[in-house]
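J.: The residues making up each chain are set out below.
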Amino acid sequence: MPVVHETPTAEEFKTEVLEKYSSKVAKKRSKQIIINKVENKEDVPEILANSRTIPGIITMRGCAYAGCKGVVLGPTRDILQITHGPIGCGFYSWLTRRNQTKPVTDQDENYITYAMSTDLQEDEIIFGGEKKLRAAIDEAVAIFHPKAIGIFATCPVGLIGDDVHAVARAMEEKYPDINIFGFSCEGYKGVSQSAGHHVANNKVFTDVVGINDTFTKPGKFKLNILGEYNIGGDAFEIERIVADCGLTLHSTFSGNSTYEEFSSAQNVDLNVVMCHRSINYLAEMMDKKYGIPWFKVNFVGAEATSKSLRKIAQFYQDDELIKKTEAVIEREMAEVEKVRLDVKSRCEGKTAVLYVGGSRAHHYQELLGEIGLNILSAGYEFAHRDDYEGRKVLGSIVIDADSRNIEELTIEADPKRYKPRISAEERAKREKDGFEFADYHGMMSEMPGETLIIDDCNHYELEELLDRFHPDLVCAGVKEKYVVQKRGIPMKQLHSYDYMGPFAGYKGAVNFYREIDRLLNCNAFKFTKAPWDTDPELSATYGFNS
Amino acid sequence: MLLRHTPKEIVERSALTINPAKTCQPVGAMYAALGIHRCLPHSHGSQGCCAYHRSALTRHYAEPIMGSTSSFTEGASVFGGQSNMLESINNIFTLYDPDIIAVNTTCLSEVIGDDLKQIINRAIVDNKIPPGKTVMFASTPSFKGSHVTGYANMLTAMVQNFAEKTGAKNNYVTLLPSFIEPSDMSEIKHIAAEMGVQYIMYPDTSGVVNAPMDGKFHMYPKGGTPKELIRASGDSRSAIALGRVGTFQAAQLLDTKCKVKTDILDLPIGITATDAFVDTLRKTAGVTVPESINTERGQLVDVLCDKAQYVYGKKVSLMGDPDTLYGLVQFCKDAGMRILHVVTGTPAGAKWDRRMKELTGEGTIVKSGAQADLFYLHQLLQNDRPDLLFGNTYCKYISRDMDIPLIRTAFPIYDRIGHSYVPITGYRGGLNLLIKVLDILMERQDRDAPEEKFELVM
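Chains Y and L, in that order, are what the protein sequence lines are.
What the first sequence shows, in the numbering used here, is residues 22 to 567, in sequence order.
What the second sequence shows, in the numbering used here, is residues 5 to 462, in sequence order.
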């Protein structure tokens, strides 16, 4: 007999969950737990996001350093990265995000397996750590001779006033051939990883992008992909598809990327954005300074991939490209469909919840939908309102004290190099025809009404949710994984992909379908209860009777 | 090719740590705190620390690792973390109902000078701590020591907060283990129980970070030492601390605070060190060694004698935590191996270096503390190649680069399972370890043998 659960409505759930909180906490959380409404497609409710984590709450969030060094810069292979601070931060961000990278030849630089730190000690905290940082850079240069060095500030160096930027400038004078730059990504900045993304974007924009006008790659249709970090080889799959379509991928920010690609990234005609949250700043700034238009894409999900490829082809308005792209889509989809329909027959109607990242919770809904899963609830760890409600709310987001300390760069068109890729008239005409530039509708408009949207979902709320809604699948991060699995509910890590992948593009979609099929249908979780747990009655029979 | 930038030539460094052979204090403190029953670790600082520490322990144990954080933003960093801590205490007791909150500090809260003692007193005065509940703390800035030091500090805080001398001696022997796996905690308890010794052991993470799956999530699994037992350790007849770096401070405090006579030994890894433990336990508890323990010992010795030819004279290099390394080096010496290098990032002190040198004998390079990192170890290995490497998961890059087999014995182990279920301490643990070593060496011998030398019987 399957267990029948009384499933509460979203409204009931919200009310009951808030009851346990103190009134102060409940007041705040009530603005972060939202019941979606989408009668008018664009008219979604307002959510409180990018707001302080409640002290004492077991949170899924990390810090600014994790967003800057861990997420954005981490995947680059030939920018030598030095964490300035005590050992922990550098240690924990060492290879744990599974950013794969493949140098063109064995002789190319690849520092991704090296974790470098100034390993500050008490004396240096008291007397200042800049001297040690300078010495560390000297040592790094002597051993590795890198082209570029990034320095990442941690909490204590910010507090004691070490100026990583001054050290970077001084060391750059000493080593004029090396681009040395610092990031003020102290962990306490902002309220989550998100602050670190912004810090990373700013510095990469001011100190790296645009300094190399000579490097270019052959091809007619050049683009950068922003916000793709090559976890589990996603970027490799996207590279494959994009090349097959006849596009030239100049640089990925920052999966499987090089310094040279970054520094010449302005030599393209288009930026497409995968993870809106982590990198929309860079897209916006490159548009303003160099005239490179951008739009949002999604390579997670086979349909989403096709849609994104079509939009890219449409942007260039080249018949040959459009034809080639359609051929690729047809070829790939034929393979995808075989697996998809088979998997769907076993997964249709199952339910899932997703609390992850600042785009993935949106993207992965498409993939799960392709095999028939229904999403009961979703939310982000470190998103802002625009990731939920769409960029149209950007102007109405109130800047609070925690966001104010993240520098907002004022960008003007580069007098020499600003070159609108398409004229203002052309852009307006295309927009009129329904082609969207520089926009993102956010997650909520694509989710059904009455769905629970939970920002910064915490351990307590996740548990309550599992208790009341009994989803068949949970997608979150490593800290949540075993909490969920102990209950016998399969859980898929969407930060690290549970050491699998790729999940992007067509081959990725197939991998993901098979993986979800395994999670929902393999035997392992059926052993959670022993026979005597489900039928505890003592009713012995004698062997010779049967 | 993944470490192709590591030159063979060893360059002196004074400032740059590359591929550290240690991590920071709070993760050790958090691990120790999980060894108290119904205890929730709390990290006082920015939430990134807590996220990193929980992730590290979660990956190592493949278990839910609970921990809360004061979630500092810039405001708290400027104005102090008292209000965040008080709010945390409120929320934690309301939502998670632990018996104990074990707070560890971070770089951030240490640098701004938050006085946890004062803050906790304030919470007591303000009635924020429900009756019967405890908030304790350990000072664990990451700019001092390592994860092992953090473990030691939290263990000391347990003695400080709970151990009580009432004057009425009980019959318990208190066991204080250094930073070891839950499987090893179980093995030490097993030995004490087999010998009929009444013991109190803390911390005890067995049953907490290797808890069974029963279809429910338990925020506080069955394991962990109840605080009543930690309290009773102050009246125990004697104590044995296992692993000097991780336990010295706590052992000393138990001795001075409660006048419990304490022996400090190495972790019982291998025959020699386990013999020392069993012998001390026998004498201090006044028991005889039972047949079952003799059997376990005899089985280990038997296998070692039978298969000594495969390990004898083999060259070995080790990285890991200081206490485990003492045990492992003795294990290797028991097996007749030659120790080439011993590296720990933990600043274990000159005394540790000296004693390790005495253990290993001439010709072994021993390095601890600053710049004793995996980059340095890799350079050493390029100059004097061992047959076998002991170390954590990060050593797999060196292992692959140099084609040297790796036995995973240190923290963290992200890519293999077993360490939290299969002990390496005690005689049974020694047998596990020996079988592992033999497996990997004999596999290698098979793999490398020319066809005419490839044999069925080994």
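I should point out that these hints are in silico values taken from the structure, not numbers from a laboratory.
All values reported here derive from a predicted model rather than from experimental measurement.
Note that the Cβ used here is the ideal one computed from N, Cα and C, for glycine as well.
Just so you know, not all the hints are guaranteed correct.
Stated by the list, open to error - From the structure, some residues in chain L lie toward chain Y, with a derived Cβ separation under 7 Å:
| no. | residue |
| --- | --- |
| 1 | T62 |
| 2 | E78 |
| 3 | F83 |
To be verified - Okay, derived cross-link-like pairs now, EDC-like style, lysine to aspartate or glutamate, Cα gap no bigger than 20 Å in a straight line:
| no. | chain 1 | residue 1 | chain 2 | residue 2 |
| --- | --- | --- | --- | --- |
| 4 | Y | K168 | Y | E143 |
| 5 | Y | K309 | Y | D290 |
| 6 | Y | K450 | Y | E281 |
| 7 | Y | K328 | Y | D454 |
| 8 | Y | K58 | Y | D421 |
| 9 | Y | K41 | L | D218 |
| 10 | Y | K123 | Y | E281 |
| 11 | Y | K152 | L | E16 |
| 12 | Y | K52 | Y | E485 |
| 13 | Y | K41 | L | E16 |
| 14 | L | K132 | L | D103 |
| 15 | L | K148 | Y | D144 |
| 16 | Y | K41 | L | E91 |
| 17 | L | K148 | Y | E151 |
| 18 | Y | K332 | Y | E369 |
| 19 | L | K440 | L | D306 |
| 20 | L | K220 | Y | D308 |
| 21 | Y | K48 | Y | D493 |
| 22 | L | K148 | Y | D421 |
| 23 | Y | K547 | L | E91 |
| 24 | Y | K550 | L | D103 |
| 25 | Y | K45 | L | D103 |
| 26 | L | K220 | Y | D421 |
Unchecked claim - Covered stretches of chain Y, going by a simulated chain L footprint (3 or more residues, C-beta under 8 Å):
| no. | stretch |
| --- | --- |
| 27 | 35-47 |
| 28 | 101-109 |
| 29 | 161-175 |
| 30 | 419-426 |
| 31 | 505-511 |
J.: Which numbered hints does this structure break?
T.: Hint check: 3, 4, 6, 8, 9, 13, 18, 20, 21, 22, 23, 24, 25 and 26 fail, others pass.
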